[in-house]
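Here the protein sequences line up with chains A, B, C and D, keeping their order. Counting from 8, one number per residue, gives the positions in the first sequence under our numbering. Counting from 8, one number per residue, gives the positions in the second sequence under our numbering. Counting from 8, one number per residue, gives the positions in the third sequence under our numbering. Counting from 8, one number per residue, gives the positions in the fourth sequence under our numbering.
There may be inaccurate statements among the hints.
Note that identical chains are pooled: a pair holds if it fits in a single copy or bridges any two copies.
Distance condition first, Cα-Cα at most 30 Å in a straight line; then the derived BS3-like pairs of lysine-lysine [as the list claims (entries may be wrong)]:
| id | residue 1 | residue 2 |
| --- | --- | --- |
| 1 | LYS120 | LYS257 |
| 2 | LYS283 | LYS120 |
| 3 | LYS283 | LYS135 |
| 4 | LYS239 | LYS120 |
| 5 | LYS239 | LYS76 |
For the record, the hints were derived by calculation from the structure and aren't laboratory data. Note that the structure is a prediction, hence the values are computed from the model and not measured.
Number of protein chains: 4
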Amino acid sequence: MPDHAIHGIIGYTITPFDDEGGLDLNALDLTIERMIDAGVHAIAPLGSTGEGAYLSEEEWTAVAERSVKTINGRVPVIVSVSDLTTAGVVRRARAAESFGATAVMVLPTSYWKLQEDEIVAHYQAVGKAIGVPVMLYNNHAVSGIDMSVDLILRIVDSVDNVTMVKESTGDIQRMHQLYLRTDGQLPFYNGCNPLALEAFAAGAAGWCTAAANLIAADNIELYEAARTGRLKDARASFFRQLPLLDFILKGGLPKTIKAGLDIAGVPVGAPRLPVKPLDEAGRARLSAILETLN
Amino acid sequence: MPDHAIHGIIGYTITPFDDEGGLDLNALDLTIERMIDAGVHAIAPLGSTGEGAYLSEEEWTAVAERSVKTINGRVPVIVSVSDLTTAGVVRRARAAESFGATAVMVLPTSYWKLQEDEIVAHYQAVGKAIGVPVMLYNNHAVSGIDMSVDLILRIVDSVDNVTMVKESTGDIQRMHQLYLRTDGQLPFYNGCNPLALEAFAAGAAGWCTAAANLIAADNIELYEAARTGRLKDARASFFRQLPLLDFILKGGLPKTIKAGLDIAGVPVGAPRLPVKPLDEAGRARLSAILETLN
Amino acid sequence: MPDHAIHGIIGYTITPFDDEGGLDLNALDLTIERMIDAGVHAIAPLGSTGEGAYLSEEEWTAVAERSVKTINGRVPVIVSVSDLTTAGVVRRARAAESFGATAVMVLPTSYWKLQEDEIVAHYQAVGKAIGVPVMLYNNHAVSGIDMSVDLILRIVDSVDNVTMVKESTGDIQRMHQLYLRTDGQLPFYNGCNPLALEAFAAGAAGWCTAAANLIAADNIELYEAARTGRLKDARASFFRQLPLLDFILKGGLPKTIKAGLDIAGVPVGAPRLPVKPLDEAGRARLSAILETLN
Amino acid sequence: MPDHAIHGIIGYTITPFDDEGGLDLNALDLTIERMIDAGVHAIAPLGSTGEGAYLSEEEWTAVAERSVKTINGRVPVIVSVSDLTTAGVVRRARAAESFGATAVMVLPTSYWKLQEDEIVAHYQAVGKAIGVPVMLYNNHAVSGIDMSVDLILRIVDSVDNVTMVKESTGDIQRMHQLYLRTDGQLPFYNGCNPLALEAFAAGAAGWCTAAANLIAADNIELYEAARTGRLKDARASFFRQLPLLDFILKGGLPKTIKAGLDIAGVPVGAPRLPVKPLDEAGRARLSAILETLN
Numbered sequence: 008m009p010d011h012a013i014h015g016i017i018g019y020t021i022t023p024f025d026d027e028g029g030l031d032l033n034a035l036d037l038t039i040e041r042m043i044d045a046g047v048h049a050i051a052p053l054g055s056t057g058e059g060a061y062l063s064e065e066e067w068t069a070v071a072e073r074s075v076k077t078i079n080g081r082v083p084v085i086v087s088v089s090d091l092t093t094a095g096v097v098r099r100a101r102a103a104e105s106f107g108a109t110a111v112m113v114l115p116t117s118y119w120k121l122q123e124d125e126i127v128a129h130y131q132a133v134g135k136a137i138g139v140p141v142m143l144y145n146n147h148a149v150s151g152i153d154m155s156v157d158l159i160l161r162i163v164d165s166v167d168n169v170t171m172v173k174e175s176t177g178d179i180q181r182m183h184q185l186y187l188r189t190d191g192q193l194p195f196y197n198g199c200n201p202l203a204l205e206a207f208a209a210g211a212a213g214w215c216t217a218a219a220n221l222i223a224a225d226n227i228e229l230y231e232a233a234r235t236g237r238l239k240d241a242r243a244s245f246f247r248q249l250p251l252l253d254f255i256l257k258g259g260l261p262k263t264i265k266a267g268l269d270i271a272g273v274p275v276g277a278p279r280l281p282v283k284p285l286d287e288a289g290r291a292r293l294s295a296i297l298e299t300l301n
Numbered sequence: 008m009p010d011h012a013i014h015g016i017i018g019y020t021i022t023p024f025d026d027e028g029g030l031d032l033n034a035l036d037l038t039i040e041r042m043i044d045a046g047v048h049a050i051a052p053l054g055s056t057g058e059g060a061y062l063s064e065e066e067w068t069a070v071a072e073r074s075v076k077t078i079n080g081r082v083p084v085i086v087s088v089s090d091l092t093t094a095g096v097v098r099r100a101r102a103a104e105s106f107g108a109t110a111v112m113v114l115p116t117s118y119w120k121l122q123e124d125e126i127v128a129h130y131q132a133v134g135k136a137i138g139v140p141v142m143l144y145n146n147h148a149v150s151g152i153d154m155s156v157d158l159i160l161r162i163v164d165s166v167d168n169v170t171m172v173k174e175s176t177g178d179i180q181r182m183h184q185l186y187l188r189t190d191g192q193l194p195f196y197n198g199c200n201p202l203a204l205e206a207f208a209a210g211a212a213g214w215c216t217a218a219a220n221l222i223a224a225d226n227i228e229l230y231e232a233a234r235t236g237r238l239k240d241a242r243a244s245f246f247r248q249l250p251l252l253d254f255i256l257k258g259g260l261p262k263t264i265k266a267g268l269d270i271a272g273v274p275v276g277a278p279r280l281p282v283k284p285l286d287e288a289g290r291a292r293l294s295a296i297l298e299t300l301n
Numbered sequence: 008m009p010d011h012a013i014h015g016i017i018g019y020t021i022t023p024f025d026d027e028g029g030l031d032l033n034a035l036d037l038t039i040e041r042m043i044d045a046g047v048h049a050i051a052p053l054g055s056t057g058e059g060a061y062l063s064e065e066e067w068t069a070v071a072e073r074s075v076k077t078i079n080g081r082v083p084v085i086v087s088v089s090d091l092t093t094a095g096v097v098r099r100a101r102a103a104e105s106f107g108a109t110a111v112m113v114l115p116t117s118y119w120k121l122q123e124d125e126i127v128a129h130y131q132a133v134g135k136a137i138g139v140p141v142m143l144y145n146n147h148a149v150s151g152i153d154m155s156v157d158l159i160l161r162i163v164d165s166v167d168n169v170t171m172v173k174e175s176t177g178d179i180q181r182m183h184q185l186y187l188r189t190d191g192q193l194p195f196y197n198g199c200n201p202l203a204l205e206a207f208a209a210g211a212a213g214w215c216t217a218a219a220n221l222i223a224a225d226n227i228e229l230y231e232a233a234r235t236g237r238l239k240d241a242r243a244s245f246f247r248q249l250p251l252l253d254f255i256l257k258g259g260l261p262k263t264i265k266a267g268l269d270i271a272g273v274p275v276g277a278p279r280l281p282v283k284p285l286d287e288a289g290r291a292r293l294s295a296i297l298e299t300l301n
Numbered sequence: 008m009p010d011h012a013i014h015g016i017i018g019y020t021i022t023p024f025d026d027e028g029g030l031d032l033n034a035l036d037l038t039i040e041r042m043i044d045a046g047v048h049a050i051a052p053l054g055s056t057g058e059g060a061y062l063s064e065e066e067w068t069a070v071a072e073r074s075v076k077t078i079n080g081r082v083p084v085i086v087s088v089s090d091l092t093t094a095g096v097v098r099r100a101r102a103a104e105s106f107g108a109t110a111v112m113v114l115p116t117s118y119w120k121l122q123e124d125e126i127v128a129h130y131q132a133v134g135k136a137i138g139v140p141v142m143l144y145n146n147h148a149v150s151g152i153d154m155s156v157d158l159i160l161r162i163v164d165s166v167d168n169v170t171m172v173k174e175s176t177g178d179i180q181r182m183h184q185l186y187l188r189t190d191g192q193l194p195f196y197n198g199c200n201p202l203a204l205e206a207f208a209a210g211a212a213g214w215c216t217a218a219a220n221l222i223a224a225d226n227i228e229l230y231e232a233a234r235t236g237r238l239k240d241a242r243a244s245f246f247r248q249l250p251l252l253d254f255i256l257k258g259g260l261p262k263t264i265k266a267g268l269d270i271a272g273v274p275v276g277a278p279r280l281p282v283k284p285l286d287e288a289g290r291a292r293l294s295a296i297l298e299t300l301n
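Chain A with its partners taken away, still in its complex shape (with noise of 0.2 Å):
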């Protein structure tokens, strides 16, 4: 795949609030300085993570200008420009783009499910708006669509700037098949924590994760392993992760990421209703399992 691909480690932000439930974007900055101090090879606000379906758009247009800012151009910097509307995705996207954004991450997501030539639409809309390249982002668990391995293929041939995509699904079928049919030229993240090791022995560019917010270091480690072809070291460290990776998807990443990050001493707030924090005994259960990973 082409050298210039974003690879490696991409860290998932969350979007921190204050005691009033509005933004805290010095707090941001900290979750930011945190993972470019540990090393991660990019960033990304706003996804899943950051609770972008949840911001009114003046709040998503803060943190997306706010984000790029502060990363400054230290590491790429991929903004979610996801939205209910193709109108909606345009207008985040074009923002993100002014911003300064290296590239955007469109998940199509819809109350009423949607054909394909409906969501190959709703690319080519978007593509056409911009001229930064695009991460396709497939996530049927979060957005109630399922886009095939033959659709994804489909909008990367007739969007010009598609040029990456994250699977999200944990089906390492999928990646197989991406792998297969592009000769290995189309480079593709995995988005599943608990795939991590599986997603890099069968050539993912990337992985995407939440969990660079804290345990960076461990997930680097799990990179460079795989990257370098030592199966045995890769394996140990990503069993030595899974515990908390595991825990992370079950729980909910904001949920988990934002207490663990207080765990940690940053404290970010509590994700929006009806997303509760995590209880106490998640808490023990998330500290106990930090504890090992340290």
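For this one, chain A is given, so just place chains B, C and D on it according to the hints.
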């Protein structure tokens, strides 16, 4: 079940747009008058059919206010007030009550999967905020959340004004359990069009349907046959309607109902992108089906 | 549908075993007499309930022959002749016909998933081998094969003596399609106990049920109410039976029906291992449910 | 895991039939010799691939005895002894042990769904009946029973000679849990062909595969690359094999492997009806895939 409960055919409005994609409230009035003239027993604006999820807050408010005003007490009005955040639902529920809604309908929609406690708290928040009844709405196909019968009854038990349940999973066994476990005292409503016959057979208080925009007289005929225990008439009426009910379910309600209204001479514009208007082949098929019904 | 079609309550026999695990054909006779005395409209030996899949070839033959002989033409007999191999089904179908069966029932069971052509050929082989009608049986929960309505109608069209369809998926929409696409001319039978009310509402010709071993009078009452179009009576009868119907579905038919017969004073032995007899808590619950029905 | 555990490539035999549909034990010998010559680490007769479920008791016994005799201790032999009844499994397990099998494999197949206690008792019965190790086999796609990791570990804990687990669900997370919860001490084997790379990455002791009838050298190459930690070589080997692995999975193993052996000059007859031989288009596709591998 209580005499005063809403019953019969509850017609769901679409939300008309003009050529620029803005609201067309005069067309909304027309669709409301059509259903009232045809004899529906209640009207429900801003549900799934009404593209409530695709509207801005200002648009949502305008449609809610206008709908209640146009209906003007001639039939009960159930306004859908669903939103991704609890704060948003509370805001909309208060607005609907202030406009004069008979009841509100709440579908827990969420990007991140919710735990049962979070769903209960969501209903408690809205229940406490208003004085009118709440219709709980279960429809995982559009919301991504499937509430079990256990959870539904827990909510009904713990929130005083949650007094009605709309079941749209299409699983008749859920209705059986709702009936059995409340001795038939909890009014439940069917939201799965091709289940209309069986839902009435199983004791449903009503049928929530967007089909009433197109074939309200048939919908009412089925209800009356079932209500008066004439099974053979109900069956004959149902099978006559079934091709249309299947068609609108598979095609998506806003898309097919808007096309059907256009065919009937009531132009209401296109759905919001990424949902496209019904294509030509679909329109031809829909016209053919509608002709068999008139 | 044709006047001569089998209709009403089709009682499924269990296969009684003695203390050593061998066949107890005298007990089989008792269970058959009970159902005939109660007024069932047909009897079906060796189905899922009859543990046909767990018998040796000699045992299967003995039960088939004895059942037909005991029934002795008093009601139609539908013998289940399913087997993993096509050769086995043909052999059993010929045996059943030679004993005097009114019809045979065939469920395509397979270890390896079958393609549609293979299933069609399977039915063609058995259809050609015998002169009596074949009831096609669809039940993926036990067979691992789910036949679509398209496939079922293709088989009905291509095999002359496949003239009846037993649908046990519990999906009422399948029955709707069978009805719509044959103008109500293809007799279909319901094999999902908790769907009995709705299947009759949708026009099912009969109800295939092992419950007739325990509550045949109630089963018949529901059928008669539905047949004569008395919807409210049918609903009341159904909801009274529903706790039992749910219990036997969830518990497994051989296990629960054998326990129920034992409670009723007709000892029929245990199911074959690995299926165990109903445990004590289950027996207590079953006794309590049965008491509400008498 | 223990040094003596079976590891590497475990080749699954097909069961050859002659033109009359009877056993062809000479052809069976040929297929066994091919795999031993190619260097497989163990051989497994009468599994899913071996159509064990479609054989009469006499046929099953003949194949079991002949397989062990032909292999003659050159590699370990794991005989599949699954049967619908517990009595049948015990009988087959004892026979296999008496013939000299290294181990037996047990898949709980059942017509009626089994409760967990029933499955545990099933394994206890067979474990107690024999002195050789038992490989637990989980494959709901063919058996209709899906054993959770909890249940598998409960069986491993409660039956001394259940010492190996074959996981064929294709869900890599099951393997992760088996590894994590036994500190990597329980040997697990992959039975899902297109998961071979990732299963080895996750620490699988072996790969149970019918592909070894056709491309044993490639299978072994992948195993050796993974065993010695050469991730890039393993990935390259895997993607070269993947089209074949996908093809045999989707086409069904007896059908496709028998066709592949025929293409390779080893006629082994057709599968038993209702499973048909691979059709012409399938044979052409299989030939084309095999040519890329030699």
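When Cα atoms must be at most 30 Å apart, do LYS120 and LYS257 count as within-copy, between-copy, both, or neither?
both (25 Å within a copy, 10 Å between copies)
Between copies, within a copy, both or neither: which fits LYS239 and LYS76 at Cα up to 30 Å?
Neither way: LYS239 and LYS76 sit 39 Å apart in one copy and 38 Å across, limit 30 Å.
Is it within, between, both or neither when you check LYS239 against LYS120 at 30 Å Cα-Cα?
neither (43 Å within a copy, 35 Å between copies)
Quick one: LYS283 to LYS120, C-alpha cut-off 30 Å, is that within a copy, between copies, both, or neither?
both (28 Å within a copy, 11 Å between copies)
Intra/inter-copy verdict for LYS283 and LYS135 if alpha-carbon distance must be at most 30 Å:
Between. Shortest inter-copy distance 18 Å satisfies the 30 Å Cα cut-off; intra-copy 38 Å does not.
Going through the hint list in order, the structure does not satisfy hints 4, 5.
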